[in-house]
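Engineer: Chain by chain, the residues:
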Amino acid sequence: MEKKKKTIFLFFISLLVVSLLIKSYPVVTFSKKIALNLSRFPLKLVSLSFLPAEALIKCNRSLSEVSILKEENQKLKVRLMQLEEAESENERLKKSLSFKEESKFSLVAARVISFDASNLRRSLVVDKGKNQRIKIGNPVISPEGIVGIVVEVGNSSSRIILVNDLDFSMAAKVKRSNVTGVISGSLEGMCKLKYLDLDDDIQVGDEVISSGKNSRFPAGITAGKVVEISKEHSGLTLFAIVKPKVKLSSLEEVLVIVNY
Amino acid sequence: MLFYISALIFVLLEVAFFSHLSLFSIKPNLILFLVTIFSFYFNFDKIRVILFCLFCGFLKDIFSLTPLGTHMFIFMCLGITLSYISKRFLRYNWVFIIPLFIFATVGQGIIYILIQSIFFGQHLSLVELLWRRLLLEMLYGLLIFSIFFKVIKRCVINKLS
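The listed protein sequences correspond, in order, to chains A and B. For the first sequence, position 189 matches number 189 in this note's numbering, and the numbering has no gaps at all. Quick note: to get this note's numbering, add 1000 to the position in the second sequence (first position is 1).
One chain only, chain A, in its complex shape:
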């Protein structure tokens, strides 16, 4: 009887403490920061142990990709020459219109060391942190497009909330028609472009990019492609399901924009 009372008492005390912890989330983030710093080495060790197996799997695939990449490289060289010409023309025109030259952002390359422990959230940890000038709120990209935003920073590691997490949100627009909306995550791992008007010009296959209207991301970075358009339950607005261009579940390296 005594033990039963003790158990019930412990259960309710724990329930109370845990509820308080959840409620006071910003206050207890420091404990997560400590854990982020401490877990860096074991995480790196475990993730590195996977590398030889991964290399073997990828070796075969890489060989066939080489010839495709060579061909693509030739095409890109030609495209680069065209773009360099366009850039120099653009600079000339800007100067003539006396535009202020915008400062270009600097990037920090980081290696992914772990993913989120929960299947209900989408985040990852990288091996760069405060020591490499990374701060909370820094946008994170990859050569394919938007990855997410830095939400926790340790000395040499940081946690990034991914673009398909439920708590992520960012101003975005459709590249073709300039229709703007807010992009956020969804349960199935896709993104959702919300708050679109019923008569907005949007089609399946349209590319969605960052609009640059909030200060988080520079304008023009690809988020993904529209795969489905539906009406909200209220029937007043539309939303589009956007497939992220970056393969978020198998990311290995990311680029953090540190001085945007």
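No wet-lab data here; the hints were simulated from the structure. In this text the structure is predicted, and so the values were computed from the model without any measurement. We treat Cβ as the ideally placed atom computed from N, Cα and C, and that holds for glycine. Any given hint could turn out to be false.
[Stated by the list, open to error] Pairwise CB distance ranges, derived in the manner of DEER restraints:
{"hint": "1", "chain 1": "A", "residue 1": "L236", "chain 2": "B", "residue 2": "I1047", "range": "50 to 60 Å"}
{"hint": "2", "chain 1": "B", "residue 1": "L1051", "chain 2": "A", "residue 2": "L236", "range": "42 to 52 Å"}
{"hint": "3", "chain 1": "A", "residue 1": "S177", "chain 2": "B", "residue 2": "F1096", "range": "56 to 66 Å"}
{"hint": "4", "chain 1": "B", "residue 1": "M1001", "chain 2": "A", "residue 2": "K6", "range": "18 to 28 Å"}
{"hint": "5", "chain 1": "B", "residue 1": "L1114", "chain 2": "A", "residue 2": "T180", "range": "30 to 40 Å"}
{"hint": "6", "chain 1": "B", "residue 1": "L1124", "chain 2": "A", "residue 2": "R61", "range": "28 to 38 Å"}
{"hint": "7", "chain 1": "B", "residue 1": "H1123", "chain 2": "A", "residue 2": "M81", "range": "48 to 58 Å"}
{"hint": "8", "chain 1": "A", "residue 1": "V227", "chain 2": "B", "residue 2": "F1044", "range": "48 to 58 Å"}
{"hint": "9", "chain 1": "B", "residue 1": "F1120", "chain 2": "A", "residue 2": "I136", "range": "39 to 49 Å"}
Starting from the structure of chain A, add chain B where the hints point.
Structural biologist: Same frame as chain A, now just chain B:
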């Protein structure tokens, strides 16, 4: 102590190793599997179950984006329920671990939705969560579960008994 060390190893494997083997970005929930086994095995000692569940929840929260306390809350409620069910109805038949694990996976989703709605005002649909995430998590978990169960039984449970 062996269970606590296993929890630490499992959480590291989950975030750094099984993320590479995820199916539709779902990875097996090894910690939930450990909580199920512990609650089943130590169903006579609720205090021990509560403490272990709090530890597992703490680890999960630390390595996740969820606010600290979320998984502690989920696992503690699950631990108490699972140990009660196994003590009252199942006794020590290890076959019942599978339905217990399925129950734990669904229960985890329900409690998560309740926490999101009560503490953060975010309303998620249970049906959507069940179809899109939990069903696959359950199946994938059971597959890995069958491999790891023998290891856990041989290395931890048999040593304890």
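Engineer: Kindly indicate which numbered hints from before are broken by the structure, ordering the numbers from low to high.
Structural biologist: Number 9 - this is the single hint that the structure violates.
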